[in-house]
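Please build the complex by placing chain H on the supplied structure of chain L, with the hints as guidance.
So the protein lines, in turn, are chains L and H.
If you're matching positions, the first sequence starts at 1 in our numbering and goes up one per residue.
If you're matching positions, the second sequence starts at 1 in our numbering and goes up one per residue.
Because the hints were derived from the structure by calculation, they are not lab data.
Since we're looking at a predicted model, the values are computed, not measured.
For glycine and all other residues, C-beta sits at the position ideal for the given N, C-alpha and C.
Treat the hints with care, since some could be wrong.
[Unchecked claim] Cβ-to-Cβ under 8 Å is the rule here; a few derived chain L residues that face chain H:
| # | residue |
| --- | --- |
| 1 | 4 |
| 2 | 15 |
| 3 | 18 |
| 4 | 98 |
| 5 | 102 |
| 6 | 129 |
Spelled out from the first residue to the last, the chains are:
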Amino acid sequence: MRDALRILGLALILAVVSYGWHARHGRIEGESASIPRIPLAAAAREHSILWLDARPEEDYDRGHVPGALPLRPGSWDAEFPAVIDRWQPGNKVVVYCRSDSCETSEAVARRLIEATKWPDVYVLEGGWEAWATGSKH
Amino acid sequence: MGHRIEALMVLVLRVALGALFVYAGALKIGHPLDFQQAIENYRLLPKVATLPLAFYLPWLEIVCGLALIFGRSLRAAAGIVAALCIVFLLALIQAWMRGLDIQCGCFGSAPETGGLFWPILRDMLLLAVTGAIWLRAKK
Numbered sequence: 001m002r003d004a005l006r007i008l009g010l011a012l013i014l015a016v017v018s019y020g021w022h023a024r025h026g027r028i029e030g031e032s033a034s035i036p037r038i039p040l041a042a043a044a045r046e047h048s049i050l051w052l053d054a055r056p057e058e059d060y061d062r063g064h065v066p067g068a069l070p071l072r073p074g075s076w077d078a079e080f081p082a083v084i085d086r087w088q089p090g091n092k093v094v095v096y097c098r099s100d101s102c103e104t105s106e107a108v109a110r111r112l113i114e115a116t117k118w119p120d121v122y123v124l125e126g127g128w129e130a131w132a133t134g135s136k137h
Numbered sequence: 001m002g003h004r005i006e007a008l009m010v011l012v013l014r015v016a017l018g019a020l021f022v023y024a025g026a027l028k029i030g031h032p033l034d035f036q037q038a039i040e041n042y043r044l045l046p047k048v049a050t051l052p053l054a055f056y057l058p059w060l061e062i063v064c065g066l067a068l069i070f071g072r073s074l075r076a077a078a079g080i081v082a083a084l085c086i087v088f089l090l091a092l093i094q095a096w097m098r099g100l101d102i103q104c105g106c107f108g109s110a111p112e113t114g115g116l117f118w119p120i121l122r123d124m125l126l127l128a129v130t131g132a133i134w135l136r137a138k139k
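If we strip away everything but chain L, and leave its shape as in the complex, we get (with noise of 0.2 Å):
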């Protein structure tokens, strides 16, 4: 029991050091907060998005938002440039994974500005499937 108490506490200190450190050099605040998400609706008024696609390249392939670049961490490094090359300044750029309950857009986003440091970048609220639905109506 001793031992454990132990272990656990070397964690603890070694934790609340790294806390410190990441506190100290700002890579806390801002960071952590969440990408700020935008409805279908108010995207589809905007005239310069930048749309990019987060989700399995076969889910792509089968059918993407128009003019989406497909932008996914595991082929980060291969898709990346085309992103800078499309960019243009004023544009909104809004990342989308499967639905709410896929994570990659948020990723996708927060390495996104972490990279370029782009003011407008959203994540697509209820994800491709809020686009499907809507583009049925």
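Then chain H, alone, in the frame of chain L:
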């Protein structure tokens, strides 16, 4: 002879398990916010709990992993690792049953394919290995 082979097998297993936990923890400590996101994706805990866990769990994995590798506080380390495996397993199974489209997050943000099925199997295997080490460790 049989006893020595058994002891050697336990040694190999605990070093391998320890190395795996050190590796898994090390991948996460540099990116706690990514790991926080991974925890949040399981939709089990309030946001206020996920950041402390995102900092604590990787270090716990590393400390336990090192204890397993170097054979220090072995029973305690194996017990904690077993408890972690059970918690991870329950989280994975509930996410799988709820049909959440998420990644395991077990190895930070490293890309994973195959959904949650393989992480569940892997976790069961790790739990079995940890149990064997725990049973063999001296009190």
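Verification of the hints:
1. 4: holds, 4 Å
2. 15: This interface hint holds because 4 Å falls under the 8 Å limit.
3. 18: Hint on residue 18 of chain L: holds, closest Cβ of chain H at ~6 Å, below 8 Å.
4. 98: Where the cut-off is 8 Å and the nearest Cβ of chain H is about 5 Å from residue 98 of chain L, the hint holds.
5. 102: Since chain H brings a Cβ to about 4 Å from residue 102 of chain L, closer than 8 Å, the hint holds.
6. 129: violated, 10 Å
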